[in-house]
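Peer 1: Between the sequences and the hints, there should be enough to build the whole structure, so can you do that?
Protein sequence lines, in the order shown, are assigned to chains A and B. Under our numbering, think of the first position of the first sequence as 1, with each following residue one higher. Under our numbering, think of the first position of the second sequence as 1, with each following residue one higher.
The set of hints was computed from the structure by calculation and includes no laboratory data. A few of these clues could be false.
Derived CB-CB ranges, DEER-like [what the hints assert, rightly or not]:
#1 A/Ile12 x B/Pro39: 19 to 29 Å
#2 A/Leu41 x B/Val27: 13 to 23 Å
#3 B/Asn2 x A/Gln99: 41 to 51 Å
#4 A/Ala2 x B/Lys55: 24 to 34 Å
#5 A/Ala80 x B/Asn2: 36 to 46 Å
#6 B/Asn22 x A/Asn59: 23 to 33 Å
#7 A/Leu41 x B/Gly16: 30 to 40 Å
#8 A/Gln17 x B/Ser26: 20 to 30 Å
#9 A/Ser7 x B/Glu17: 31 to 41 Å
#10 B/Lys53 x A/Thr14: 42 to 52 Å
#11 A/Glu53 x B/Gly28: 18 to 28 Å
Only a predicted model underlies this, so the values are computations on that prediction, with no experimental measurement involved. Note that the Cβ used here is the ideal one computed from N, Cα and C, for glycine as well.
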Amino acid sequence: EAGVTQSPTHLIKTRGQQATLRCSPISGHTSVYWYQQALGLGLQFLLWYDEGEERNRGNFPPRFSGRQFPNYSSELNVNALELEDSALYLCASSLAYPQPQHFGDGTRLSIL
Amino acid sequence: KNEVEQSPQNLTAQEGEFITINCSYSVGISALHWLQQHPGGGIVSLFMLSSGKKKHGRLIATINIQEKHSSLHITASHPRDSAVYICAVGGGATNKLIFGTGTLLAVQP
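Peer 2: Next up, the structure:
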């Protein structure tokens, strides 16, 4: 069974640009979660999508947005990139709550 | 004060030692997760538990809901156990995980 896959592995952008990160959940999983792990900081919850709807979001500005597609894959979009957006972005998926979340390997976003 | 506190922050052990990592939380939860993160970032979910005790190989996780405390034990530790271990709690309709800052474990041969 394929795990959670994220693309790209690395992404380099400059300030002000827009970034799109992608996540494919484990087959059968309907929930997708996004987390940010900035250098020196712990994991922070960003967004939770379930059945195509945004169910909850963390304490992040509206520049961070996303969506979930009918096949349950998801995109995270970050607009007007700032230097502090440099981080590892992790995606996780699960069956309907409450089930363990399975994590992808992450996308490392670097802002120059 | 963080809602999820882990101790110790750093732990160095000799191969074969019994290791305990602790997690205390201050919020109401429906489940607690133990995660393992290796260098490079990949995260593996080790346990999700809401009561009692779970065991998987050399790993054991316990939780005491009344005391809002959980422990992760590693028996017969091995250098490949070296990683960051993260406690995360979640609950309610928000389904939001709140993470501890992690425990960096180094097991020396």
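Peer 1: Determine for every hint whether it applies to the structure shown.
Peer 2: Right, here's what the structure says about each hint:
1. A/Ile12 x B/Pro39: 19 to 29 Å: holds, 21 Å
2. A/Leu41 x B/Val27: 13 to 23 Å: holds, 19 Å
3. B/Asn2 x A/Gln99: 41 to 51 Å: violated, 25 Å
4. A/Ala2 x B/Lys55: 24 to 34 Å: Cβ of A/Ala2 to Cβ of B/Lys55: about 27 Å, so the range 24 to 34 Å holds.
5. A/Ala80 x B/Asn2: 36 to 46 Å: The hint (36 to 46 Å, Cβ to Cβ) is violated, given that A/Ala80 and B/Asn2 are roughly 29 Å apart.
6. B/Asn22 x A/Asn59: 23 to 33 Å: holds, 26 Å
7. A/Leu41 x B/Gly16: 30 to 40 Å: Given about 33 Å between the Cβ atoms, the range holds.
8. A/Gln17 x B/Ser26: 20 to 30 Å: Given about 39 Å between the Cβ atoms, the range is violated.
9. A/Ser7 x B/Glu17: 31 to 41 Å: With a Cβ separation near 39 Å, A/Ser7 and B/Glu17 satisfy 31 to 41 Å, so the hint holds.
10. B/Lys53 x A/Thr14: 42 to 52 Å: At 50 Å between Cβs, range holds.
11. A/Glu53 x B/Gly28: 18 to 28 Å: The hinted range 18 to 28 Å holds for A/Glu53 and B/Gly28, with Cβ atoms some 25 Å apart.
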